[in-house]
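Peer 1: Residues per chain, in single letters:
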Amino acid sequence: MPNVTFDQAAVTVPVDHLPEPKVLLDGVNLQLTERRVGVIGANGSGKSTFLRLVNGLVQPSSGRVLVDGADTVRSVRAVRRTVGFVFTDPLSQLVMPTGREDVELSLRRSVKNGAERRRQAEDALDRLGLLHLADQSIYELSGGERQLVALAAVLAVEPAVLVLDEPSTLLDLRNRELLRRTLAGLDQQIIMSTHDLDMALDMDRVLVIDQGKVVFDGAAAPAVAAYRALCLASLDAQEAQP
Amino acid sequence: MRGHGFLLANYVAGDSLVHRAPLALKFLLVFACGLASFVTVDWRMSLGMLGALCGLFLLSGAGPKRLWGAVRPLAAVLLVIGLFQWWQLGAPTAGRIVLNILVCVVAASLLTATTPVHKLLDGVVRAAGPFKRFGADPERFALTIGIMLRSIPYIAGTFADVRDSARARGLERNPRALVLPVFITSVAFARQTGEALAARGLGEADDEAED
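Sequences listed follow chains A and B, in order. For the first sequence, position 12 (counting from the first letter as 1) is numbered 12 according to my numbering, and the numbering increases by one without interruption. For the second sequence, position 132 (counting from the first letter as 1) is numbered 132 according to my numbering, and the numbering increases by one without interruption.
Worth flagging that the hints you see were computed from the coordinates, not collected in a lab. Hints are not guaranteed to be accurate.
Claimed, not checked - No more than 16 Å apart at the CA atoms, straight line, and that leaves these computed lysine to aspartate or glutamate pairs for EDC-like: (1) A:Lys112 / B:Glu139; (2) A:Lys22 / A:Asp210; (3) A:Lys112 / B:Asp122; (4) B:Lys119 / B:Glu195; (5) A:Lys213 / A:Asp26; (6) B:Lys65 / B:Asp42; (7) A:Lys112 / B:Asp15; (8) B:Lys119 / A:Asp26; (9) A:Lys213 / A:Asp7; (10) B:Lys132 / B:Asp122; (11) B:Lys119 / A:Asp7.
To be verified - Stretch-level coverage of chain A by chain B, calculated; a stretch enters the list once three of its residues show a Cβ under 8 Å from a Cβ in chain B: (12) 34-44; (13) 74-85; (14) 89-96.
Ideal Cβ positions, reconstructed from N, Cα and C, are used throughout, including at glycine.
Just chain A, same shape as in the assembly (with noise of 0.2 Å):
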């Protein structure tokens, strides 16, 4: 598996009418090398900003994340190719107006040869049995059909690390199940941020961000206990206020 290690990253923003900038993630400090890690908080923990330190889209006020000892500030493009992202709306992901072409979109610059390309776009969809949608207009596809689409289109680099921000937060029971179920199936390192606690469960390693600081780091069961606990906490701590 690769190894994604987080050597005291943190990352802050100025705030204007704060002295101090805004801390969203706080030096964390850990190694992933488990196969399937999961990250759960509470909405504005600093979840998708973890996330998005692992391929570059976030860059570390100070610190720093190695993918397989690649920096991804220093080496972003190599780290991109190795860390492929999904995010939460397929919609902001998927650039073509058709499934197909999307994916061929994703190999232009690594497959030069149109026919190769678009034989190889289709493997990429037959793969997640994505190929009956592939000339349908992306808006036609339901949610789920959607988040396969565009999980087909970063797949078909073969990144070896695939980052999950909240991939079923748009998703419906059904097709919710249908994204666990593709996931379990892939041989990439998983990431994935997630308000499914089912879907945490399924993790071989949980992170808890609570206010931009990793509040628990273990297995899938007492991580997503530790944070039932600490909603609940937050909750009634909110009510005692008079």
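Following the hints, position chain B against chain A.
Peer 2: Same frame as chain A, now just chain B:
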């Protein structure tokens, strides 16, 4: 999000003469129509061109429904332009201007309805090839065209959604309630698209040096 308000027709598979025509010829046709809209002085000539293009469109087998679908989103704008020009410059000029816009839209739709996007992009890459010696990246040209084709239906769909929201709140006559959300959503879409492209490593130079 609705995304079907597409200004240009989607590709329709077929084996018509227009489908088989070389891409360069179709590009030339679109270019010539754009150029003609500047030099045509008689509305009857514009009408003739529009008729010929509509004939070609129907000959391609893309169908009248798609042709209407490509023109319909413009109807309200063309009506406003036509009325204004009629008031300002008279009926013949107003007719010519409206017809010339339609000529350009139908010509572009003819291209997109009879050419798969990947062939269109390959064509753009070939056409932009000579600029490589000046440091330009032909793949970026193609990517730009691809994003443009993708963005038109998104923004049209956003406009339809925003219009419905404004109606639901009784604000359909308030231009700010229509324009501002579309503008903000479009900017957000551009930002998300940029981020998604960066995440996929698209649009980056091939030979960019790294440490």
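Peer 1: Hints first: check each against the structure and report whether it holds.
Peer 2: Status of the hints after comparison with the structure:
With a CA separation close to 11 Å, the supplied pair Lys112 (chain A) and Glu139 (chain B) stays within the 16 Å bound. Restraint check: the Cα-Cα separation between Lys22 (chain A) and Asp210 (chain A) comes to about 14 Å, which is no more than 16 Å; the hinted pair holds. The hinted pair formed by Lys112 (chain A) and Asp122 (chain B) meets the criterion: a straight-line CA distance of about 10 Å does not exceed 16 Å. Proximity of Lys119 (chain B) to Glu195 (chain B) is assessed by CA-CA distance (about 25 Å); at most 16 Å being required, the pair is judged violated.
Under the criterion of a C-alpha separation no larger than 16 Å, the hint pairing Lys213 (chain A) with Asp26 (chain A) is consistent with the structure, at around 6 Å. For the proposed pair Lys65 (chain B) and Asp42 (chain B), the alpha carbon gap of about 29 Å is over 16 Å, so the pair is violated. Under the criterion of a C-alpha separation no larger than 16 Å, the hint pairing Lys112 (chain A) with Asp15 (chain B) is inconsistent with the structure, at around 26 Å. A hinted pair counts as satisfied when its Cα atoms are at most 16 Å apart, and Lys119 (chain B) with Asp26 (chain A) does not qualify at roughly 48 Å.
The suggested pairing of Lys213 (chain A) with Asp7 (chain A) holds, with an alpha-carbon distance near 14 Å, which does not exceed 16 Å. Of the pairs offered as hints, the one joining Lys132 (chain B) and Asp122 (chain B) holds, with about 15 Å between alpha carbons and a cut-off of 16 Å not exceeded. Of the pairs offered as hints, the one joining Lys119 (chain B) and Asp7 (chain A) is violated, with about 45 Å between alpha carbons and a cut-off of 16 Å exceeded. With 0 residues carrying a beta carbon less than 8 Å from a beta carbon of chain B, the stretch 34-44 of chain A misses the three-residue requirement, and the given coverage is violated.
Here's how the stretch 74-85 of chain A fares: 9 of its residues keep a CB closer than 8 Å to some CB of chain B, so the rule of at least three is met and the hint holds. Here the stretch 89-96 of chain A counts 7 residues with a CB under 8 Å from a CB of chain B, which clears the bar of 3, and the coverage holds.
This entry does not satisfy hints 4, 6, 7, 8, 11, 12, going by the numbered hints stated previously.
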